[in-house]
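**Q** Listed below, chain by chain, are the residues.
2 protein chains.
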Amino acid sequence: MEKLRILFRPRTGIVLNVLCKQKTCRFRIAKSKMSSVSNPPQSLLKPMVIPQKLLMGPGPSNSSPRILSASALPMLGHLHPEFTKIMDEVKEGTRYLFQTRNNWTVCVSGTGHAAMEAAVCNLLEPGETTLSCVNGLWGERYADMARRNGAIAETINKPMGQVFNLQEIEEGLQKYRPVLLFLTHGESSGSTVQPLEGVGKLCHRYKCLLLVDSVAAAGGVPLYADDWEIDCIYTGSQKVLSAPPGASPISFSEKGKEKVLKRKTPVRSFYFDMNHLSNYWGCEENPRRYHHTGPIMSVYALREGFSRLVEDGLENSWATHKKCAEMLHEGVERMGLELFVQDKSVRLPCVTGVKVPAGVNWKEVADYAMNQYKVEISGGLGAQAGKIWRIGIMGYNATPDNVNRVLRALSEALKHVGFKSRL
Amino acid sequence: MEKLRILFRPRTGIVLNVLCKQKTCRFRIAKSKMSSVSNPPQSLLKPMVIPQKLLMGPGPSNSSPRILSASALPMLGHLHPEFTKIMDEVKEGTRYLFQTRNNWTVCVSGTGHAAMEAAVCNLLEPGETTLSCVNGLWGERYADMARRNGAIAETINKPMGQVFNLQEIEEGLQKYRPVLLFLTHGESSGSTVQPLEGVGKLCHRYKCLLLVDSVAAAGGVPLYADDWEIDCIYTGSQKVLSAPPGASPISFSEKGKEKVLKRKTPVRSFYFDMNHLSNYWGCEENPRRYHHTGPIMSVYALREGFSRLVEDGLENSWATHKKCAEMLHEGVERMGLELFVQDKSVRLPCVTGVKVPAGVNWKEVADYAMNQYKVEISGGLGAQAGKIWRIGIMGYNATPDNVNRVLRALSEALKHVGFKSRL
Chain L
1 MEKLRILFRP
11 RTGIVLNVLC
21 KQKTCRFRIA
31 KSKMSSVSNP
41 PQSLLKPMVI
51 PQKLLMGPGP
61 SNSSPRILSA
71 SALPMLGHLH
81 PEFTKIMDEV
91 KEGTRYLFQT
101 RNNWTVCVSG
111 TGHAAMEAAV
121 CNLLEPGETT
131 LSCVNGLWGE
141 RYADMARRNG
151 AIAETINKPM
161 GQVFNLQEIE
171 EGLQKYRPVL
181 LFLTHGESSG
191 STVQPLEGVG
201 KLCHRYKCLL
211 LVDSVAAAGG
221 VPLYADDWEI
231 DCIYTGSQKV
241 LSAPPGASPI
251 SFSEKGKEKV
261 LKRKTPVRSF
271 YFDMNHLSNY
281 WGCEENPRRY
291 HHTGPIMSVY
301 ALREGFSRLV
311 EDGLENSWAT
321 HKKCAEMLHE
331 GVERMGLELF
341 VQDKSVRLPC
351 VTGVKVPAGV
361 NWKEVADYAM
371 NQYKVEISGG
381 LGAQAGKIWR
391 IGIMGYNATP
401 DNVNRVLRAL
411 SEALKHVGFK
421 SRL
Chain F
1 MEKLRILFRP
11 RTGIVLNVLC
21 KQKTCRFRIA
31 KSKMSSVSNP
41 PQSLLKPMVI
51 PQKLLMGPGP
61 SNSSPRILSA
71 SALPMLGHLH
81 PEFTKIMDEV
91 KEGTRYLFQT
101 RNNWTVCVSG
111 TGHAAMEAAV
121 CNLLEPGETT
131 LSCVNGLWGE
141 RYADMARRNG
151 AIAETINKPM
161 GQVFNLQEIE
171 EGLQKYRPVL
181 LFLTHGESSG
191 STVQPLEGVG
201 KLCHRYKCLL
211 LVDSVAAAGG
221 VPLYADDWEI
231 DCIYTGSQKV
241 LSAPPGASPI
251 SFSEKGKEKV
261 LKRKTPVRSF
271 YFDMNHLSNY
281 WGCEENPRRY
291 HHTGPIMSVY
301 ALREGFSRLV
311 EDGLENSWAT
321 HKKCAEMLHE
331 GVERMGLELF
341 VQDKSVRLPC
351 VTGVKVPAGV
361 NWKEVADYAM
371 NQYKVEISGG
381 LGAQAGKIWR
391 IGIMGYNATP
401 DNVNRVLRAL
411 SEALKHVGFK
421 SRL
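Protein sequence lines, in the order shown, are assigned to chains L and F.
Quick note: the first sequence uses UniProt numbering, first residue 1, plus one each step.
Quick note: the second sequence uses UniProt numbering, first residue 1, plus one each step.
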């Protein structure tokens, strides 16, 4: 070999041109035989920078220092006794939060949407009819999920900012004869709280089960899942519970459980299958078996979120949210702004919709609050995009201090964009 | 009113017996009108106690202090620019880990099983045939998930501890003509590493896509997703990446992406739908829209897991896992124990199967190691339950010190149960 020339062809591999006895021989080394590792991404060599913000949008809300430090506790195995004890405590917390004695009370290993999906794929079978009460984003999303699961999803509709009464629900039940009715307890897109008393009893008269999304409400407003005959209810961890998103409590009544146990078709999701999850979460006599690896640290943090709620007391938590929301409502009205929900009795304390006045760009105001105060104020969704702001008051963030801070930021931002109160 | 007697009936509510003009009138106050909150669970008023353990099972592995403290950083919104920057860095880390340039590179908001489910429900449509190569738990689980999704799941089978060769795979492709072939890269139940070179090309000759589960392998053994023509690959966060479980990287080739985009039926899961996830993870030109709330802190921690990998370098990581596994293999053989996998070339460095000698109870040994050393050694699964131990060496735990610690614990435990080496 007299001369060797190596050519690197990124797509095809290395080509060796060997000048050998005055003749060039070409050898190709297949790329898979000589794969070299690509350069490491430089961005990952720099530190993460996370600013401290006050999250007063519709969620996530801030976690308390105690909850945050729980996330940094040492890892445990997903079936270690110290961890299953924590799971049991999270179950107790969930039962307290929902005011239920349901045996099938677990967490789904994902964020709020995962719990919604778990409810849908456990409770519905292909071809069954479900009725979604749509007064904002969540009823629509539920209907979408139900259809993806092969169910027929009918809807009854109200504009955002309004709720359903028993008569409207009964008409829907009569018309569609669904096996499952979906209601959003705290409609974060329309900032309403749906009255739930009597709905469960009504549904049961029509041989229908009641599914309730309480992601943006549980812990912030009165809720009695057993008394109100709710068959399945779920929430998220990152709202009133003030834990990071990642594990979502869900609970099934005996009727709900029976519906799952009597399915003719398998649950379409293995990850969300309550037949397995109920065992992993220790709802059965049988010893826990490996189903999947739970989100260990998210469960630690959620446990501390429940601990906070229990120390405070559920009724105090409801009262605090009410008080802070009223402070906020008075404050924004004093600025000459109008609340989105007209009917005081159905205003969700956890998320407040505030109308954007004519001539004001909602985003300019929100950006100002973020840039100058590191306070998050969110915009509207769907039909209300650009027309309302949404201000969240949830869990650890539900204090008069924080309400004052968001009011100050909002008021200054409005001045900044030239809004003059009509008052 | 002369006399009033209140009876509390827990199930029906309050009954008022009013003795009025010598006549008792009975009033019932419906329970829902007077619901009182149940007592808060006392267990949640006590602090959490989490011991420090060395997790040398098949996962989760321990997180480094840096990764743990990232979990406790302040909360951000799921669409805040500081957070989407971190998401972008996680994507870069994922591409580096898998050695791919795939555009559709995201994380699923759940643990490893969630990523498997995302692969299944995006890539398969009802009625399509898939072929699962079963040599342990994961191939079986995949087939289960595929069937739940309406696909026809065929299998080719090998005993645990063995892998598939190209000829066996080709015979399966010829026989079943699947649209998707599933292989487990690191079979943690059988402690094998599946050779993947040539499989992608072979699949593509048969118009079949290749799906690879690399939960227990990625980062610990060589892997070149692009060169090996893998169409979809996923992993977990809690193995070699040493981050808490909760966010799971997944990546689709152009062919894989095309398969999803050309679906005739909607993806059955909203939560896992890549049509939405790819937008949320910034894989498109379009601005990111709200799809679901991501697991913020799990993504922080995963980002630091990738940072650790990038600082170390992928090739060093592979070499370290190999070196530590060899130390472990020599150590257990010196004790007179036998390794489960005969063929040295297919031993998975991340999880090692060790045969339980006749007359020894695996659990007694594992319990001793946990009680005396706080070292986790796991047992076998399925056909190998009770017959093997499984010892994990992954990521932050892959150090000679930890290997020595697990060997010491194992050796002492064996003495404790009266095992005498045959050597």
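Fair warning: there could be bad hints in the mix.
Intra- or inter-copy, both count: the list cannot distinguish identical chains.
[Claimed, not checked] No more than 27 Å apart at the CA atoms, straight line, and that leaves these computed lysine-lysine pairs for DSS-like:
id : residue 1 : residue 2
1  : LYS322    : LYS262
2  : LYS355    : LYS374
3  : LYS85     : LYS53
4  : LYS85     : LYS363
5  : LYS85     : LYS207
6  : LYS85     : LYS374
7  : LYS46     : LYS85
Just so you know, these hints were derived from the structure itself, not from any lab.
Fair warning: this is a prediction, and the values are worked out from it, not measured in the lab.
**Q** If you test the structure against every hint from before, which numbers come out violated?
**A** Of the numbered hints, 1, 5 do not hold.
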